[in-house]
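A.B. asks: Sequence:
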Amino acid sequence: MSKTTFIIAVLWVSTSNFALAADYLSIAEGPAIFYDAPSTKAKKIFVGSRYLPLEQVVRLDGWTKVRDSSGKLSWVAKRMLSDKRMVLVTSALVSVRKMPEAEATIIFQTKLNVSLEWLEDTHTGWIKVRHLDGATGYVKTSEVWGN
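The C-terminal position of the sequence shown is numbered 248 in my numbering, with every residue numbered one higher than the one before it.
If you're looking for bench data, these hints aren't it; they were derived computationally from the structure.
Honestly, I wouldn't trust all of these hints.
[What the hints assert, rightly or not] Straight-line distance between alpha carbons at most 30 Å, and here's what the computed DSBU-like set of lysine-lysine pairs gives:
id : residue 1 : residue 2
1  : K241      : K229
2  : K229      : K199
3  : K166      : K185
4  : K145      : K179
5  : K212      : K199
6  : K185      : K212
7  : K199      : K144
8  : K173      : K199
9  : K199      : K166
Treat the numbers as computed from the prediction; the structure is a model and nothing was measured.
Using the sequences and the accompanying hints, generate a full structural model.
C.D. replies: Structure follows, in structure tokens:
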């Protein structure tokens, strides 16, 4: 690739509506239909509920290609998505603790496939989360998906 072609390609990507990202988002108001292509005429794959965390892979006008916790890729109408960051519990039972430490007091416990709001990364292997009922605490990053 020549230097000129490379510069043109970089300018095209940076100024187009096409974007690659590793951002996390969630379903805003459920249910949201997931498609195999960016069109309502495409094959419907499944339906996701409110607060389902997703990884944004590609963004186009009106559509976002997402990856779910199982690794499957699909398309969702952009209007169905929220910037609210959620994580999904991936362990059978998770203890949410008062401090980001294994010995800290347990605030509450939650089960597999429950969505929790992501609040902050402690950069210690723990993240701060909030349950939908308002309780907050810390969970190991290895016990959730979407962080």
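A.B. asks: I'd like to know which numbered hints this structure contradicts. Please list them from smallest to largest.
C.D. replies: Failing hints, ascending: 7, 8 and 9.
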